[in-house]
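On the provided structure of chain A, position chains B, C, D, E and F with the ligands as indicated by the hints.
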Amino acid sequence: MTLSKQKIITIVTETRLESALCEDIEKLGGHGYTITDARGKGHRGVRDAVWAANANIRIEVVCEPEVAKNITEHLKKHYFDNYAMILFTGDVQVLRPDKF
Amino acid sequence: MTLSKQKIITIVTETRLESALCEDIEKLGGHGYTITDARGKGHRGVRDAVWAANANIRIEVVCEPEVAKNITEHLKKHYFDNYAMILFTGDVQVLRPDKF
Amino acid sequence: MTLSKQKIITIVTETRLESALCEDIEKLGGHGYTITDARGKGHRGVRDAVWAANANIRIEVVCEPEVAKNITEHLKKHYFDNYAMILFTGDVQVLRPDKF
Amino acid sequence: MNTIDPVILFFIFGAIAGMLRAELRLPRQVYEFVTILLLLTIGLKGGIELAKQPFSTLLPQIAVVVAIGGFILPLIIFPILRYLGRFKRADAASISAHYGSVSVGTFAVVLAYVSSLSVPFEEYMALFVVLLEIPAILVGIILARGVNKETKWGKVAQEVLLGRGITLLIGGLLIGWIAGADGLTSIKPMFFDLFNGILALFLLEMGLITATQLSTLKKHGPFLIVFGVVMPVFLALIGTLMGWSLGLSVGGTAILATLIASASYIAVPAAMRISVPEANPTLSLTASLGITFPFNILVGVPMYYTFAEKAHILFGG
Amino acid sequence: MNTIDPVILFFIFGAIAGMLRAELRLPRQVYEFVTILLLLTIGLKGGIELAKQPFSTLLPQIAVVVAIGGFILPLIIFPILRYLGRFKRADAASISAHYGSVSVGTFAVVLAYVSSLSVPFEEYMALFVVLLEIPAILVGIILARGVNKETKWGKVAQEVLLGRGITLLIGGLLIGWIAGADGLTSIKPMFFDLFNGILALFLLEMGLITATQLSTLKKHGPFLIVFGVVMPVFLALIGTLMGWSLGLSVGGTAILATLIASASYIAVPAAMRISVPEANPTLSLTASLGITFPFNILVGVPMYYTFAEKAHILFGG
Amino acid sequence: MNTIDPVILFFIFGAIAGMLRAELRLPRQVYEFVTILLLLTIGLKGGIELAKQPFSTLLPQIAVVVAIGGFILPLIIFPILRYLGRFKRADAASISAHYGSVSVGTFAVVLAYVSSLSVPFEEYMALFVVLLEIPAILVGIILARGVNKETKWGKVAQEVLLGRGITLLIGGLLIGWIAGADGLTSIKPMFFDLFNGILALFLLEMGLITATQLSTLKKHGPFLIVFGVVMPVFLALIGTLMGWSLGLSVGGTAILATLIASASYIAVPAAMRISVPEANPTLSLTASLGITFPFNILVGVPMYYTFAEKAHILFGG
Ligand SMILES: Nc1ncnc2c1ncn2[C@@H]1O[C@H](COP(=O)(O)O)[C@@H](O)[C@H]1O
Ligand SMILES: Nc1ncnc2c1ncn2[C@@H]1O[C@H](COP(=O)(O)O)[C@@H](O)[C@H]1O
Ligand SMILES: Nc1ncnc2c1ncn2[C@@H]1O[C@H](COP(=O)(O)O)[C@@H](O)[C@H]1O
Ligand code: NA
Ligand code: NA
Ligand code: NA
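These protein sequence lines map, in sequence, to chains A, B, C, D, E and F. With the numbering used here, letter number 88 in the first sequence gets 88, and the count goes up by one each step, no holes. Counting from 1 along the second sequence, just add 1000 to a position and that's the residue number in the numbering used here. Counting from 1 along the third sequence, just add 2000 to a position and that's the residue number in the numbering used here. Counting from 1 along the fourth sequence, just add 3000 to a position and that's the residue number in the numbering used here. Counting from 1 along the fifth sequence, just add 4000 to a position and that's the residue number in the numbering used here. Counting from 1 along the sixth sequence, just add 5000 to a position and that's the residue number in the numbering used here.
Treat the hints as calculated values from the structure; they're not laboratory data. None of the hints are false.
Restricting the straight-line Cα-Cα distance to at most 27 angstroms, the calculated cross-link-like pairs of lysine-lysine (DSS-like) are:
hint, chain 1, residue 1, chain 2, residue 2
1, A, 77, A, 41
2, C, 2076, A, 41
3, B, 1005, C, 2076
4, F, 5155, C, 2076
5, C, 2077, F, 5155
6, A, 41, A, 76
7, C, 2005, A, 41
8, B, 1041, B, 1077
9, A, 41, F, 5155
10, C, 2027, C, 2069
11, B, 1041, E, 4152
12, C, 2005, B, 1005
13, F, 5052, F, 5188
The following block holds chain A by itself, in its conformation from the complex (with noise of 0.2 angstroms):
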């Protein structure tokens, strides 16, 4: 069994990003997605997913780090300025790196 490395991308933001997000995930080069609901609190104040408007979801993407890269800068590009959102990305190994 050998593990390979990968990069894991986590984003927090807003709910209604949903489907947007995970449209550009795809077009850059992200082959899977997971998605969580999600509450919190940043800069841009409490989100605490009491209505649909003040939720927030947690989106976790495995990619080779190329992806990661172009995700983050489509992000930071896109969203940043305007939404709540944060992300950050970390090292995993997983079995088949083809999947991902």
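Chains B, C, D, E and F with the ligands in isolation, oriented as in the chain A frame:
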């Protein structure tokens, strides 16, 4: 305060496997797990959690590298071919290594 | 695009601590947090989220190593003995270090 | 009743909204709530009727319906799929299990339909929903695996008998049976008065889910489409004959025919996923949920009612 | 009706509990469920009435209401915000869109109010909720961007037309229109009998949400507060004139006035967030949800009803 | 009423399904929804009755019930647990607080029971649910800590008074009190007609939860089991005497006895978890939820009703 190194395994898969996987994890030496409801997309298409048959869970297990390896191999053997499932491993530092 | 290093702390604990922990995190220098609902199993048994008393939350804080250390020590001192709780730390790269 | 039942309009609305990709989605928990209420109510209704007559008088009927509907029919469906449809063994077995079992949603629709016609029918029909859900699953597993020692029958039995659908139906049946109609008056507003409204919400969501299934239709060729339309009609004809032979009323015959014509999309997929994981779940769901379910509730139910009427005119009774 | 409507008491209770930071929160899925039921029921009621009269007779009314309410009013509101309020272009445009559109929650309250008075009114008013929700969004986008080639109008249209609110209202309208009042009796207990109870739960949650908006009030200075109170009264006066000129009954005039006076807090924020992301969403939400919504349901509705009565006495009709 | 109440059948069904590990689970949000409706309705019912009589006439009753039920009883229970049961100080204090407080679920069941008997009772009893929930918590904290300066009483008060249960009960009481029975007719279908159905769903889920508690029973030895059965009977006897002395009707006496006999499993566990975190929550939950709750609703309620009848025959009144 000394932190010690451990592995974290994250599994994203079909909701229906929940009880089976929890049993497996314990048998293979995992001392705990955390589960959140999720949705997503991968090679087996969109799993948007509109109904139970199409929902994902995200399981995290913090454990010894050895246990992580066992879990990975077990899942690869028993589930990867027939179920929507991804698995990735990362490094974490924990407070009380004896807990995991 | 330069990414800078930060720590990510993940806490899994009883839902009832949510507001107390959020206050603590801010006092200790965390600039934000993300929360998802969770269930799981650990030393204090199965917490399957069937009702509020038995549900978990999963809190993530991206922050400076120093802040991560403070949060860890604070939680260890005030909550570890009496509450179902685990905590682990990992490394992440973030876009705008000033945000965290 | 010349006009279309409003609950069916909710289904059509959901399907169209889904096809247009409207941002419409019952929260999953609401869908589960609605499903739980439907299952409990159907069980309660059945239980009330069971209380009115000795169970033993039903035994012959039960034996026939279960033997034919649950065991023989999936065995007839399997070779059609395997040799005519050229499906893999596991897939043919799984689809046979789906069509040998029944759909609670379809049952609720035919119940609402027959009730709206104000014709009498045997209310204990709910009992058949419970009894017909299970046997086809066993047949399906055996068709896929043979009588294999490796199959963990204990696990399968648990998965099936203690699955949510069966548990709620049986629970409702028992409560209805013990309490009787009078005993249940205090909970009538919740479980009986709201039934059609709850069914409307359920069908709205089913429409949305069905629409998402349509996208997989293209991939699976025309055989599945033809199968999904022709098979329920064939099954309904057999069900009509069964109902007539058993001496059911016209209403009861129509309900039994619909039940036999319906295909499971909750209990059986769950059981197959665990017991025959190599079967492709989208094939069976596309057929049962994407084609047969809408066909049955839009076209089938009134058609099968006509079958029942014709049978009673033709053969008498 | 001298006493305060109980559904309003639920709003006040929610607001107070929220301000005291009580641990009270409808689960989000329950709030969505309640919203879905409200929207469907409002649509169904409107549809039933539409079925009673030829659609064409309504066309002139529709044209006037949409032209004035949806297009002209936001154009009047914009300069007030831009030059009197000194808001940034995007913010002024976004707030104009909110006030040019309508609030379904406020509509439900005025519906309950007028119904409790047992005065007649034009039930097809629900149609206006649908029709007034959209135009102001387009006006808002153009005000923010100019008639810009870059604006993806296709996306905007989809976002707006296929958003949950509009979809459910239209779905309800069509189902009510096709089935008619008689066709819907079987689902009446769920959708009509529970309406006020569901509205009470909705308003309880709205009270809680409103309370969380109050904390942002201080930040945005007194202009927003004055605007949030004066603007709806001004809009209501215009709405009253419109209703009277169109020959609506007193009840219908009050409903139209309230509708025009109301500001969107669901459909428009969602659309603006996507189309004019540089507009600060807390500004418009503070105004529409934190000030105008509570003002309208607590003070406005009875006041606007008096407007309608006065107008009919003054001008006759 | 000789037959068992159907809502109790739902509890038994849930408990059996849970013990068989059936895949049955109300989504948490649905459970919360159902709880919210129960609490609001109980509050509303109490409020309507309060509106009928001057509050001052109730003050003497309130003083007695709260003094004995909320303050004295937990002080009697504590030494039993500490010296007879050999529990740690914190655990004994926490369990005393649970039994000195009350259970809304049990209250709902006795309400349904007495209503089904069609005997009169004092409907303002709901007031006691609110008043009895709190004092025992304070007593419990003091028993655990002494009158400690470190205890953040502000936080405790907030936790308790603004917890969901109390907030909804008080909100309901006030709304019912302000609006009165007539004012609430428009929301009757939701809050009153559905009450028993909602209670049935609540008890179904409580049965499932109770079943999960049973697994912890073995660990905690026979003392807890005996305590969980004997204590409520003892408390009910005291409650019966209290009810009779205060001149309550037979129905009201039975309700008060049941209330005193019941143990909290929502408000108190939450407060203890925050204020006395070193107390083991599974001990108190096993007793109150795993033993006393099922005992009370299955055996206790009818038994306590007999107590009330006997007391009124024996002592007159
Ligand atoms: N330091 C942080 N750690 C974890 N999550 C964060 C942090 N900062 C922000 N978030 C999450 O990201 C969302 C948007 O952040 P912001 O744009 O800073 O308001 C917040 O609502 C939180 O859920
Ligand atoms: N590259 C990826 N990054 C994050 N999550 C993924 C990725 N690929 C798959 N997933 C998740 O894993 C589930 C199963 O994946 P699959 O077996 O590829 O269909 C999907 O439904 C997603 O939730
Ligand atoms: N080894 C582990 N890996 C992942 N999650 C864990 C682990 N141990 C405990 N947890 C989570 O942390 C919660 C509290 O843990 P504990 O205090 O050990 O009962 C559990 O309910 C789980 O959700
Ligand atoms: Na069938
Ligand atoms: Na408006
Ligand atoms: Na008590």
